[in-house]
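There are 4 protein chains.
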Amino acid sequence: MKVGDNMQPITSKLVTQTIIERPAESYKGNYGRVLLIGGNQNFGGAIIMAATAATYSGAGLVTVATDPQNFTSLHARLPEAMVVDYHQTDYLLGLATNMDVIVIGPGLGTDPFAERLLTAVLNAVHQPQRLVIDGSALTLLAAHPQPLPATPIVVTPHQMEWQRLSGLKISEQTPTANHQAQQKLGVIAVVKAHHTTIYTDQQVWFNPGGTPAMATGGMGDTLAGMIGGFSGQFTDFTNAILSAVYLHSTIADDLAASRYVVLPHQISALIPKYMHDFSQAELDD
Amino acid sequence: MKVGDNMQPITSKLVTQTIIERPAESYKGNYGRVLLIGGNQNFGGAIIMAATAATYSGAGLVTVATDPQNFTSLHARLPEAMVVDYHQTDYLLGLATNMDVIVIGPGLGTDPFAERLLTAVLNAVHQPQRLVIDGSALTLLAAHPQPLPATPIVVTPHQMEWQRLSGLKISEQTPTANHQAQQKLGVIAVVKAHHTTIYTDQQVWFNPGGTPAMATGGMGDTLAGMIGGFSGQFTDFTNAILSAVYLHSTIADDLAASRYVVLPHQISALIPKYMHDFSQAELDD
Amino acid sequence: MKVGDNMQPITSKLVTQTIIERPAESYKGNYGRVLLIGGNQNFGGAIIMAATAATYSGAGLVTVATDPQNFTSLHARLPEAMVVDYHQTDYLLGLATNMDVIVIGPGLGTDPFAERLLTAVLNAVHQPQRLVIDGSALTLLAAHPQPLPATPIVVTPHQMEWQRLSGLKISEQTPTANHQAQQKLGVIAVVKAHHTTIYTDQQVWFNPGGTPAMATGGMGDTLAGMIGGFSGQFTDFTNAILSAVYLHSTIADDLAASRYVVLPHQISALIPKYMHDFSQAELDD
Amino acid sequence: MKVGDNMQPITSKLVTQTIIERPAESYKGNYGRVLLIGGNQNFGGAIIMAATAATYSGAGLVTVATDPQNFTSLHARLPEAMVVDYHQTDYLLGLATNMDVIVIGPGLGTDPFAERLLTAVLNAVHQPQRLVIDGSALTLLAAHPQPLPATPIVVTPHQMEWQRLSGLKISEQTPTANHQAQQKLGVIAVVKAHHTTIYTDQQVWFNPGGTPAMATGGMGDTLAGMIGGFSGQFTDFTNAILSAVYLHSTIADDLAASRYVVLPHQISALIPKYMHDFSQAELDD
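Protein chains in written order, with full-length UniProt numbering: chain A, 1 to 285; chain B, 1 to 285; chain C, 1 to 285; chain D, 1 to 285.
If a hint is listed, it holds; no wrong ones were tucked in.
Identical copies carry no separate label here, and so any pair may be met within one copy or between two of them.
List time: in silico DSBU-like cross-link candidates among lysine-lysine, alpha-carbon distance up to 30 Å:
1) LYS169 - LYS28
2) LYS184 - LYS28
3) LYS169 - LYS184
FYI, nobody ran anything at the bench for these hints, they're computed from the structure.
The task is simple: from the sequences and hints, build the whole structure.
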């Protein structure tokens, strides 16, 4: 396959086909046990925003492993989530074993503890769990390369994190170069930019939406949480990722029609409504 | 009585007859002192959601006995509740004596402390107090069977908790089998499922509402809190329980008309409005 | 004067005459420095609700002296308030000296520390400061009678607190008996009931509004905060109190038109709008 | 130049010219790294309000250096912000080096620690960083005059703080006298009053808006945060400041059309909408 040839837009049709109506006979266990790991003493807001996005994306059960300092602010905003002290590594890894999706990185930081935790989690994750690696975890991974588990994985770098991970300078990050780098990495890559591009083994996708009103802290954490939430519910991993990227920017675009800046929590609040609308949309063909 | 013969739907008429207009001359003491016990260091959100539901259901006074770690997040969301450290067992049991309703279980956990606390509370509850046993408390009760107090009690298991409690596998949980199990248990049982069924000594009820948009963490905690709140206000215990089950799903169904997933706190926020509407509805017959 | 003869309703006209339009050239110092003291480790929500009501009532500067455990939940709901650890008595009393209004009692509790703090505050308050004594502080005062400072004071008991304070059983609390008790006490008394009555040296007032939807924890704390907020802004102390009582129930009555129960924070949120409407209302005569 | 001759109103046209539409190809780094320093154990709400205003003003990345006691309440309201313990001075100063804008003062207090921190920050700030000095930091600066860094600086005193800083009694604070004092000080001065006046080396501006409904605690913190947020995005420092002053009071004026008092957080919530409207407004000439 020659990379770069086949860049395709994510379409509303793909999202409509992914976010299907829920069967009446179902329970929370059907919609994903999602574990989010991150939030140190300086960046606790990141894991709050990611967990909020996962919960509003319809994840059946959301657990947050973070510094205990963040428990109270998390619960003040999101009582729906359960919490774990991420220093209790044995307990955490035992818990991780039963999860459907693991999101690691938002606000994790890059100190030695974060590095050890990342390594421990990468060693523990196993088929058929899905893994979302975001934020600080990508910086750690770039600095300390290590084998990734043999399970579906997506990385969600912004351009600077992608530079660290792929070795490509931002000016060199063309779709072709990115795709080659992704193929070496062997996992799906969501490279966040004005128009985000997504690289799978087979395909390069680009996201038609996006607005500079999204250029504010926490947008990436929110996307990582949405990808986590969608990955626990929808069978096709790639489509779950693409749909999260598409919906994230679609909501932001709509909010930006009347706002100079869009805050991450405003996007999360609207996810249930947008998912509903896409689940009810007619498929044309 | 042959069990299973008489499965009846909860009707809006029953709810209308239960949620009566409040007499003008009344004060908060008339609407129930409700004590909710639960919320350990990992599951604090559960007791927050339960207490929120009890408060928005119109309970006159709400007290939450929980791990002190949860005090701040609870008050940030619900200043209306009072708090007690559930490790201060003597103080807590003294307080419990004056309560009208006790809800135990949301986020309580299943460690030895939780087990001791449950036993102490079961020993302290007395006529005519009403007792709602939910969540972890049901798992504890299944693992360590013990006599229940001779007072009105309702258990609110989901299907897996009901399996533990009744010994019936989920596939065996037919109305007839459930009713037989309930009669052995001797307390009202609310078995939560897509269509929740409710078992009393006399009757099997089923809830006509319910939506897969409710398949998310915290829904059960919210229902337990509503049952607690309603039980403190309405004379007939069975009707209070049935009305809470009915309203919980009615609100969720309405929210799900425009949302893919409904979050527990969104239901609680609407309880006062729905209670008002039912209290004002005409009775047809 | 023969007490009881002259019971008058609070009128919207009185409120309109009290809540006057603010002069353009004014600053926060013109609208009252209000100090609220209360909120122990069990009843922190009470002082949060009182401070919220004071702030939304337009108090220029609001300071809350409370247990440090309540700082975070208070700020999560009300960043507009400043906080003081009420155990730092010297610092607190120094601060109190410069206040225009002091509200003591919501959630204060009745332990020896609370008693000492109340006595210290009663000794420190001085002309022309206005003092609102509410909740636990009334129970303490009833148990340990002590001289009150020679400054404008209002007490805001519910019927049981009034029984403790006046010695009148609830069944004996007629306007005439209440007025006699108030005259012995020598301070304005707001006796909260379905129709609240207010006793001044000259007059008995009753509040025409009120709804059983208000029969929930925190309503009294909210009223105390409103009285504190109004007392810092409006010249006539009696009219400030009467207007707070009237507006508190007017907002609740309007909310109860579509709600079975009205929560205290919902009242506070609407105070600025109602104050605006009354400040703009035409005076008929 | 004869000072005082050239007092000009801030116009909506100036704001429209300042708040330009964002270029599509941009990222959060383009909109300012803003560090806010303040919030001691008594005045934590001030830094929460300032950080909220900065974030809703569109700052790309917001970091709050404060007492750790304020981390949780800040994150409960604003997960978008990152936090630093302001006692970790070395870490903080290292962080400060990479910031575009530094706001110091809201709720900082005036104790020796605050004084040392202010001095350390003043020593660390460097070209082309922009510095906003507000609240307690102005009181400290008046009490302990020290050289200011050679970089764009704005001070935002209310009239009493300006008295301390300039030596001018409130009654003496005429535009001419203020302008002379500002020229001695050598930094831009925003003197907050019913109609706020702004003094630059070249010009005296006055703000046409403002309402006594703004006379409540936290308004100044909110303005400081807005100035910080605008300064990180808009090229001309003076215009960024003027636009923040103008928008702050414009939003308040609109809210005051239906509210007796306007709370600071209500202003912040509307900043994105107002910025959008000004960014889309037609320029007439």
